[in-house]
Amino acid sequence: MNRFLLSTRTKMLSIVMVHILWMSLLGGHLAHANSVALYTPYPEISVPPGESIDYAIEVINNTEEIKNVPVSLSGVPKGWEYSLKSGGWTIQKVSVLPGEKKNLSLKLEVPHQVKKGTYRFQVVASGLTSLPLTVTVSETGTFKTEFTTTQPNIEGHSSALFSYNAKLRNMTSEPQLYALSQDAPRGWNVIFKANGKQVSSVQVDANQTQDIAIEVTPPKKIEAGNYKIPIQAITNATSANLDLEAAIKGSYEMELTTPTGLLSTNITAGKEKRLELVVRNNGSSPITNLKLDRRAPVDWDVVFDPKEIPNLEPGESAQVFATIQASKKAIAGDYMATLEATNPEVSEKAAFRVSVKTPVVWGWLGVMLILGVFGGIFQLFNKYGRR
Amino acid sequence: MKLLSQARSYLSPSGTLTLPWVQEKVATNKTFAQKETKPNIPSPFWVIVQKEIADHIHSWRLIILVAIITLACAGSLITGLMHFKDTVKPSDPEDAFFFLKLFTASGNGLPSFIVFISFLGPLLGIGLGFDAINSEQNRGTLARILSQPIFRDQWLNAKFLASLLVVAVLIGSLTVLFMGIGILRIGIPPTVEEVMRIIIFTLVSICYIGFWLNLSLLFSVKFRQAATSALACIAVWLFFTVFYGIVVNLIANVLAPSEFAHPHQLVRYQEFIINLLRVMPSQLYSDATTTLLMPNVRSLGPLTQEQIVGTIPSPLPLGQSLMLVWAQLTCLIAATVVCFGLAYYSFMRREIRSR
Chain S
446 MNRFLLSTRT
456 KMLSIVMVHI
466 LWMSLLGGHL
476 AHANSVALYT
486 PYPEISVPPG
496 ESIDYAIEVI
506 NNTEEIKNVP
516 VSLSGVPKGW
526 EYSLKSGGWT
536 IQKVSVLPGE
546 KKNLSLKLEV
556 PHQVKKGTYR
566 FQVVASGLTS
576 LPLTVTVSET
586 GTFKTEFTTT
596 QPNIEGHSSA
606 LFSYNAKLRN
616 MTSEPQLYAL
626 SQDAPRGWNV
636 IFKANGKQVS
646 SVQVDANQTQ
656 DIAIEVTPPK
666 KIEAGNYKIP
676 IQAITNATSA
686 NLDLEAAIKG
696 SYEMELTTPT
706 GLLSTNITAG
716 KEKRLELVVR
726 NNGSSPITNL
736 KLDRRAPVDW
746 DVVFDPKEIP
756 NLEPGESAQV
766 FATIQASKKA
776 IAGDYMATLE
786 ATNPEVSEKA
796 AFRVSVKTPV
806 VWGWLGVMLI
816 LGVFGGIFQL
826 FNKYGRR
Chain B
2 MKLLSQARSY
12 LSPSGTLTLP
22 WVQEKVATNK
32 TFAQKETKPN
42 IPSPFWVIVQ
52 KEIADHIHSW
62 RLIILVAIIT
72 LACAGSLITG
82 LMHFKDTVKP
92 SDPEDAFFFL
102 KLFTASGNGL
112 PSFIVFISFL
122 GPLLGIGLGF
132 DAINSEQNRG
142 TLARILSQPI
152 FRDQWLNAKF
162 LASLLVVAVL
172 IGSLTVLFMG
182 IGILRIGIPP
192 TVEEVMRIII
202 FTLVSICYIG
212 FWLNLSLLFS
222 VKFRQAATSA
232 LACIAVWLFF
242 TVFYGIVVNL
252 IANVLAPSEF
262 AHPHQLVRYQ
272 EFIINLLRVM
282 PSQLYSDATT
292 TLLMPNVRSL
302 GPLTQEQIVG
312 TIPSPLPLGQ
322 SLMLVWAQLT
332 CLIAATVVCF
342 GLAYYSFMRR
352 EIRSR
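In order, the protein sequence lines correspond to chains S and B.
Here my numbering is used: the first residue of the first sequence is 446, the next is one more, and so on.
Here my numbering is used: the first residue of the second sequence is 2, the next is one more, and so on.
Simulated from the structure, these hints should not be mistaken for lab results.
Beta carbons are placed, not taken as given, at the ideal position from N, Cα and C, and that holds for glycine.
Hints may contain errors.
[What the hints assert, rightly or not] So, partial list: chain B residues that the calculated Cβ filter (under 8 Å) puts toward chain S:
#1 Ala55
#2 Gly246
#3 Asn250
#4 Leu251
#5 Asn254
#6 Val310
#7 Ser315
#8 Leu325
#9 Thr331
#10 Ala335
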C-alpha cells in the first residue's frame with residue numbers, strides 16, 4: 446500500500462515535474478508562478494538575408510511586487526545589429542507593476558552577407574528568466590549582381606547594327622545604381638538602352654531584374670573576324686561583367702563613278718563618246734567576276750573595255766572605259782543612261798545624264814540654203830541694179 | 002644682224018623702201034583728203050527711208066493697225082499676268098524659264114501673245130506694203146521720183162527697209178513693253194538665256210511679218226490697182242489661215258491609215274500631214290516661236306516610244322532649241338528673201354514711165 450502510495454506519489458510528482466520541465470522549456474510564457482516571464486508570439490522565424498525582424502516582447506510580472514527587470518540579448522551572431530526599445534526609448538531595464546506586463550520591441554537586422562542556417566540567441570532578463578529566439582536564414586545571403594544575356598554572339602556586316610538584349614539582376618537586398626561602361630575596341634560605338642531610352646546608368650531595386658538593350662555599331666571599315674566587347678555594370682559595392690561578341694562578316698561594297706565624279710556628258714545623236722569609269726572596292730572582301738552592264742535607251746549602244754573585272758581586292762580600284770553610242774533617232778535633250786557593275790554579291794549603278802545634241806549637218810544645210818538665196822538676190826542686184 | 006633684218010622688213014616686196022612713219026603720214030593725209038572732199042550729206046537711199054518712215058507714221062492706216070495690235074497684246078498680257086500663277090508649277094522642269102510663260106500663257110478665251118502676232122502680224126505687213134509701188138504709180142509720183150538722181154533699186158529697197166524698220170520698232174517696243182510690265186508685276190527679272198530667247202523670238206517675228214510685207218510688195222508691183230493687190234494679199238492670208246487647214250484636213254481624212262496599220266506607217270502619215278501644214282508660214286512661225294519660248298519642247302513631230310524611253314524632262318539649251326527649229330527658220334528667211342527677190346526682179350524689169 447505504502448509502496449503503492451509511494452509509487453503513485455512519485456509518479457504524480459514525476460508527472461508534475463515533467464510537466465513543469467516541459468512547460469519551462471516551451472516558450473516560458475507559462476513560467477514559474479510568482480516570477481517574471483518573457484513572452485513573444487513568434488519565437489522562431491525564417492527570413493531571407495538582409496531582412497529586419499521586429500519582435501514584440503512582453504515582460505510579464507507575476508509576482509506581488511514591482512520588478513525591475515534588466516533586459517539584454519546574448520548570443521546574437523556577430524555582425525547582426527539590434528535595438529531594444531520601449532516607449533520610444535532604448536532601454537536596458539524595464540520596471541513592471543505587479544500583475545502587469547510591459548511591451549518591448551526588439552528590432553533585429555539580419556545582414557546581407559550571411560550563411561544559410563539556423564541562428565539562436567536569447568533575450569535575457571538577467572537573474573530572472575530568458576527567452577530563446579531562433580532565426581532561420583532561408584538562403585545564403587549574397588552581395589552579387591548578375592549580368593546575363595541569352596545571345597552573346599551576333600553576326601553581321603560591318604554596316605549592320607548589333608543589338609544585344611541583356612538582363613541585369615540585382616541580387617543584393619538593396620536598390621543599386623549601376624554605372625554601365627564598355628571597353629570596346631577603338632572606333633566601336635556602344636549604346637545602352639533601358640526602358641527605350643539611352644542611358645549610362647540604371648537603377649535596379651533589390652532582387653529585381655532590368656532589361657538592358659545594348660546596341661553596337663562597328664566601325665565602317667573593319668576586317669572580318671570576331672570582336673569581343675566587354676560590358677560592365679558597376680556600383681560602389683558590386684559589379685558584373687558581360688562579354689559580348691560581334692562576328693563581322695566580310696562586306697561587299699562598291700562604287701562606280703568617274704574619276705572626277707561627274708555623271709553627265711554630252712553626245713551628238715548617232716555619235717560615240719568614250720567615258721572613263723572607276724570601279725572601287727569599298728568593302729572588306731574581294732569582289733570577283735564583276736560584270737559591266739548597261740540600261741540605256743533603245744538603240745543606244747554601250748561597249749565596255751574591259752567587259753569584266755576578274756578580281757578586285759578591298760580598297761583597290763579598276764579603270765573601265767565605256768563607249769556610249771547614241772541612237773541616230775535620239776531627240777535633243779537629256780537622256781538617262783544607267784551603267785551597272787554587278788556580280789552575285791553586289792551591284793552598283795551609275796546614272797549618267799546624257800545631253801543629246803542634234804548633228805549640225807542639217808543646220809549647215811540651212812545656212813547654205815539661206816546663203817544661196819542671198820547670193821541670188823546679190824546676183825539680181827548686180828544684174829538689174831543701178832540702171 | 003638684227004639691224005639688217007629690221008632694215009630688210011622695211012623693204013616692201015617690190016623693192017621700194019617703205020618706212021613705217023612715212024606710211025602713217027601718208028595715211029593721215031588720205032583721211033583728211035576724204036573728209037574735205039565728201040561733205041556730210043546722207044545718201045539718197047537714207048533720205049528715202051526717212052521720208053517713207055515719216056509717211057508711215059503719219060498715216061491713219063498705221064495708227065489703226067498699231068492700235069489693233071497694241072490692244073490685242075495688252076489683252077494677252079493681262080491674261081498672261083492673271084493666269085501666271087496657274088501656269089507656274091513648282092515641279093515644272095521649265096521652272097527656270099517661267100518669265101517666258103508670259104508670252105505663251107493664254108486663258109479666258111484670249112489667245113497668247115505669239116498667237117496674236119501670228120494672226121495680226123500678216124495684216125500689219127500687208128497693210129504697210131500692199132500699195133507701196135502701185136499707188137505711187139497711179140498718182141504719177143513714181144516717174145517723178147525716179148527722174149531724180151537716184152537708182153531705181155534704191156527706191157524699192159528703201160521702201161522695203163522703211164516698212165521693215167517700222168515693223169521692227171513696233172514689235173521690238175511691244176516685246177520690251179511686255180518684258181517691262183512683266184518685271185514690274187512679277188518682280189523677277191528674266192535670265193540671260195530668257196532675254197536671248199526673247200530677242201531671237203522678236204527677230205523671228207520681224208522676219209515673219211517681213212515675209213508678208215514682201216509678199217504685198219510683190220503684189221503691189223504686179224498689180225496696177227492698189228485694191229487688187231490688197232485683195233490678192235488678203236486672199237493669200239485668208240487661204241493660209243482658214244482654207245489651207247480645211248484642205249489639209251480633207252487630205253488627212255482621205256489618206257488616214259486604218260487603226261491597225263503598222264506604227265511606222267502611222268508615224269509617216271503624221272509626218273506627212275505635219276509637213277503639209279508647214280507650207281503655211283504661220284505654222285512655221287508658231288513652230289519656231291513655241292520651241293523658242295518653251296524650252297522643254299524637244300520635238301515638233303511625232304515621236305516613237307523608242308525615242309522617249311530614257312528621256313529626262315528637261316529644258317533644251319538655246320542652241321539645241323534653235324537647231325530644232327532651224328529648218329523652220331531657214332524656210333521663213335528663205336521665203337522672205339525669195340519674195341523680195343521676185344518683187345525686185347519684176348520691179349526692175351517693168352516699164353514705169355506710163356501711168
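Verification of the hints:
no.	hint	in the structure
1	Ala55	violated (25 Å)
2	Gly246	violated (26 Å)
3	Asn250	violated (27 Å)
4	Leu251	violated (31 Å)
5	Asn254	violated (29 Å)
6	Val310	holds (5 Å)
7	Ser315	holds (4 Å)
8	Leu325	holds (6 Å)
9	Thr331	holds (4 Å)
10	Ala335	holds (5 Å)
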